[in-house]
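A.B. asks: So the chains spell out like this:
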Amino acid sequence: MNSLIKLELARALRNRKFLFFSVLYPSILFLIIAGKADGTTEVGGSGLTLPTYMMVSMASFGALTAVLMGNSERIAKERESGWVRQLRLTPLPGRGYVLAKTASAAVVSLPSIVVVFAVAAAVKHVRLDAWQWLALTGAIWAGSLVFAALGVAIGYLATGDAVRPITMIVYFGLSMLGGLWMPATSFPRWLQDIAEWLPTHAYAALGQAIEQSQAPHGRDIALLVVFFALFAGGAAWLYRKDTLKA
Amino acid sequence: MGDMTTTAETAATATVVGFDQVTKAYGDVRAVDGLTLALHPGETVALLGPNGAGKSTTLDLLLGLKHADSGTVSVFGTSPREAIVAGRVGAMLQSGGLMEEVTVAELVRLACDLHPRRYKAADVMARAGISQIADRKVNKLSGGQAQRVRFALATAGDSDLIVLDEPTTGMDVSARQAFWATMREQADQGRTVLFATHYLEEADAIADRVLVLHRGRLLADGTAAEIKAKAGARRISFDLEGVIDETALNGLPFLTAVDVSGQTVRIQSSDADATVHALYGLGVYPRNLEVAGLGLEQAFVAITEAEEAKQS
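Those protein sequence lines, which keep their order, are chains A and B.
Everything in the first sequence is counted per the working numbering, starting at 3 for the first residue and increasing by one.
Everything in the second sequence is counted per the working numbering, starting at 319 for the first residue and increasing by one.
With the rest of the complex left out, here is chain A (with noise of 0.2 Å):
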């Protein structure tokens, strides 16, 4: 199982195109959406500065944005290549195989998460905590992680041309309605109430909290924990049951 992490993890370092687009990408987006934001201009409620909020929000929509294109496109071309029918004919376990891509997502994921801290402290002088910079990286990064196990099912639940409309409507979906683009105090009632509940919501929810010098909620971290052994298992059933032919 090990040597196919390994084995992943090279071959995501090895895809240059996108490890340069999925790393500077959100980066791109802070700056034109804090573009003119200076440190004195609040979000509703939150007592965050919007450069400060939307640092947090862009670093979790480029994670999210490493590990869920990256992994279903691929998945569902890798099943139509035969490649996984090839694997399942090996010991490995169904576990294995989305574990794997998990972690070759997260290392995608990671510098992804880097620049955008880097480049809000030095263009737009974000300043936190050394405590705080390391736990929102570490939140985020692990957070990306449930995102990643569900770009995994959805490459199993999507073959072909369908693939990339799936991805991109939960994508935006989860992104615009979890409050990564926009605070979700925005949104009409009804709308917030359904956003609660969204693995994005909770996401967004830790970096926040960290931000505002409290430790995160258990809500949001069980949330996580919940649609993480949700999407894992989902993927590593799907991959087990699969019986698309090459």
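Keep in mind that the hints were calculated from the coordinates and are not lab data.
Just so we're clear, the structure is a prediction, and the values are computed from it rather than from any experiment.
One thing to keep in mind: the hints can contain errors.
Just the calculated beta-carbon pair ranges, DEER-fashion [said to hold, decoys possible]: (1) A:Ile-196 x B:Asp-453: 44 to 54 Å; (2) A:Ser-188 x B:Ser-388: 55 to 65 Å; (3) B:Ala-404 x A:Thr-161: 30 to 40 Å; (4) A:Arg-221 x B:Gln-450: 55 to 65 Å.
Just so you know, even glycine gets a beta-carbon here, dropped at the ideal spot from N, CA and C.
Fit chain B to the known structure of chain A by using the hints.
C.D. replies: Chain B only, in chain A's frame:
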């Protein structure tokens, strides 16, 4: 001593692969239809049939990639998955994709690492004849090279059963011969080898047992020689002068087919000696007499045609 003999005998008669009344349908089409068969240790078995005969489905069921609608499939007395997890099965799928963006050596190393009874990657590559392309990217291989890499993945460890689904697809004649030489080494080590093919000469040349599959059912099971005999093993052709008495020709013993065109007569016989002897007994004088063995291909066509005639 006595105990050892008993153990050896038990091993020799044990079933490597057992299909018991296995059926698998896709919609209305029964890809595998009540298939019952048993493979024994050390056999090299060809699964022969035209496209759509159910070969790939049979292998998928054997490997646990598909599940039977009814009946049971066992491999070494366990489920296919358990046999794979125990490292007893190595398999090469038809047009099975390979992981992209990695080198041949990396991929073979992965397969070796995943195998519970692994061999050294260098040895596996040497045996599969891919050492010289070890550093090449997997997505830059020719069809024949990719097949050899797949073969390496199937032989990455000490498996007792090797399953190959149309392994020589995309290979030219010399590559094919080299491939079968490699595969014979696997069989000579006492492994059971099962391969699907529609290259009939391969079944004839390599297998010591041939299973003919047609519409998901087992049409014939025997040595290549037996299969040929079953279908009418020899073709006899000759010319006759004057009016040909077809009724008399049809009365010849051991006939399986008669074809008269102009003055030329072509006969298929399951016992050519007896047929020719009786032919002279008719008082005719056949010219340009030729007796030739039927290739397995013709034997195969004859068997399937007979089966189709029976059904319609």
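A.B. asks: List, from low to high, the hint numbers that the structure doesn't satisfy.
C.D. replies: none
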